[in-house]
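Enquirer: Each protein sequence line maps, in turn, to chains W and L.
For what it's worth, the working numbering labels the leading residue of the first sequence as 1, then goes sequentially.
For what it's worth, the working numbering labels the leading residue of the second sequence as 190, then goes sequentially.
Treat the hints as calculated values from the structure; they're not laboratory data.
Don't take every hint at face value.
As the list claims (entries may be wrong) - Simulated coverage check for chain W against chain L, where a stretch passes if three residues somewhere in it have a Cβ under 8 Å from a Cβ of chain L: (1) 85 to 97; (2) 132 to 139.
Stated by the list, open to error - Simulated coverage check for chain L against chain W, where a stretch passes if three residues somewhere in it have a Cβ under 8 Å from a Cβ of chain W: (3) 381 to 393; (4) 408 to 417.
If you're wondering where the values come from, they're calculated on a predicted model, not measured in any experiment.
Even for Gly, the Cβ is constructed at its ideal location relative to N, Cα and C.
One letter stands for each residue in the lines below.
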Amino acid sequence: MTQDKPDKEPMGRRKFLKEGMWGACLAGLGATAGLTARHESHANLVWQIDPQVCIQCGKCATHCVLDESAVKCVQSYAICGYCDLCYGYLKPEPPALDTGAENELCPTGAIIRTFVEDPYFDYTIDESLCIGCAKCVKACAINGNGSLYLQVRHDRCVNCNECSIAAACPSGAFKRVSAAQPYLLKEME
Amino acid sequence: MRNMTGATKSEVLIGLVIAGAIGVGVWSLVLIEHKDQASSGLGAAYQYDVSSLAYIDPDLILYDALPLVIETGYLNARSVCVDHRGQVFVAGDQTVRVFKQDGNLIRTLMSPGPSYCVTVAPDDRVFVGKKDHVDVFGPDYKLETAWPSLGQDAVITSLAVTGTQVFAADAGHREVVVYDLTGQVVTRFGQASDDQGFDGIIVPSAYFDLVLSQDGLLRVVNPGRLRVDAFTPEGQYEFPWGKPGNDIAGFCGCCNPCALAVLPDGGFVTAEKGLMRVKVYNSDGGFEGVVAGPVELQVRIEPKICRTPDECRANALDVAVDQAGDIYVLDTEHAQIRVFSKRKTND
Ligand code: SF4
Ligand code: SF4
Ligand code: SF4
């Protein structure tokens with residue numbers, strides 16, 4: 001017969017963090033969506049990237065009409081594995097598995113690594129440093145869980161009639177979406 | 190069948206054509222990759238070089254693919270093992286299919302629920318992991334009994350059997366469950382233990398393999414820590430081997446190695462998902478060489494960029510070894526098994 005299992009929650013703190021961060025992320029994007037809806041009441045549709053279509057070509061960093069691209073990397077905390085060896089954060093063969101700049105994959109140092117509990121780390125994006133180059137997105141999608149992805153941030157995007165990134169995007173990942181729901185979030189199926 | 194010395198000229202030509210086609214494929218993908226990235230206007234520091242990740246030094250490849258592909262016919266093929274007669278057992282969908290070594294289907298073992306893994310005892314009894322419990326089939330391949338459920342969160346991803354015990358890797362509860370042969374749970378282990386100097390098995394997803402090695406110890410994949418841990422059958426922690434890393438000796442990606450098998454000489458075969466690699470290590474865990482990379486597996490010629498969490502977690506490999514030391518690699522994406530044999534050397 002199967003023995004009774006001890007009452008245990010081996011990843012309770014991690015789960016709490018994951019769910020908490022995911023809630024915070026949604027709340028943040030939700031607040032931005034609200035602002036967007038107010039500022040752009042003239043437009044029912046806004047531009048957004050379908051993360052399942054994007055091929056991480058890098059043009060989001062260079063083709064936006066704004067000096068600083070409106071496209072930023074975002075993290076899905078519900079998907080992230082919180083790996084010590086994070087492929088979005090670390091170079092393919094880092095000299096060490098730590099936060100030394102020489103180990104970081106992101107050319108602008110926009111990913112912040114915070115220790116949670118052995119062996120988990122939390123990875124967040126400093127949007128002021130992220131240029132939307134998608135290098136970390138590609139690394140995470142090849143080696144990891146695909147939790148890093150690009151989104152047009154609507155607190156920055158001016159919603160051009162013809163998005164110049166969309167015109168250059170080789171994969172057709174840019175879509176017009178409802179301004180009321182301006183993000184195409186990656187979630188667990 | 191496995192004697193390659195008698196290959197005809199036409200077989201050699203076909204081989205050359207296939208090799209050429211693969212080469213052209215690799216080259217065109219590298220070109221497409223570089224063309225897209227270059228046209229972004231970003232400098233080299235912003236490029237993620239996919240092609241170099243997939244490169245494997247040909248001198249490290251110790252095995253050749255046999256001209257045989259076993260088509261399992263499953264939608265979801267999950268696990269492979271080979272019994273002492275050389276019969277190939279594959280768990281997938283709701284059944285276990287048994288193939289001869291030439292790839293012909295011999296029989297199908299049926300019982301309710303999804304089949305996650307399978308192992309065969311020396312007395313020919315077949316143990317099948319059915320997600321939350323174990324089904325036992327007799328040597329006549331008839332269902333004998335279904336052991337009690339380990340709970341609705343249980344996901345049994347691997348089984349090993351001795352003359353007295355059955356070991357189940359339960360990815361759902363992140364522990365190894367030890368049964369006696371009547372299905373009674375004897376013990377469980379895998380939790381961190383200061384007494385044993387063990388930091389705990391971390392299982393982020395349903396890839397959690399174990400094998401019984403020739404030294405009598407269990408080797409249990411610790412996928413969250415990208416290493417393999419050795420335990421006594423009683424659950425006493427002994428030692429780890431393996432290290433995280435993209436270098437060929439390391440284990441990279443998420444939840445790797447995703448599969449493990451024992452060679453007749455006591456060494457180990459490992460499989461990694463994401464950056465797909467099958468490698469061999471000696472009995473002490475020292476890296477020996479490569480069985481196959483993405484090119485040899487013909488799964489894809491560059492690491493795949495996954496789009497959804499399910500896709501990122503899927504498309505793994507499983508491995509098994511027959512008594513001759515040939516290695517069976519189950520590609521779960523295509524539900525096919527490729528067989529690799531140790532390369533003959535002249536010295
Ligand atoms: S331009 Fe398109 S494919 Fe390229 S990174 Fe942006 S969304 Fe992705
Ligand atoms: S690698 Fe590129 S997309 Fe990722 S965080 Fe850094 S700047 Fe942003
Ligand atoms: S709509 Fe304009 S501002 Fe917004 S991402 Fe496209 S180019 Fe940039």
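Enquirer: Which of the numbered hints above does this structure break?
Expert: Per hint list: zero violations.
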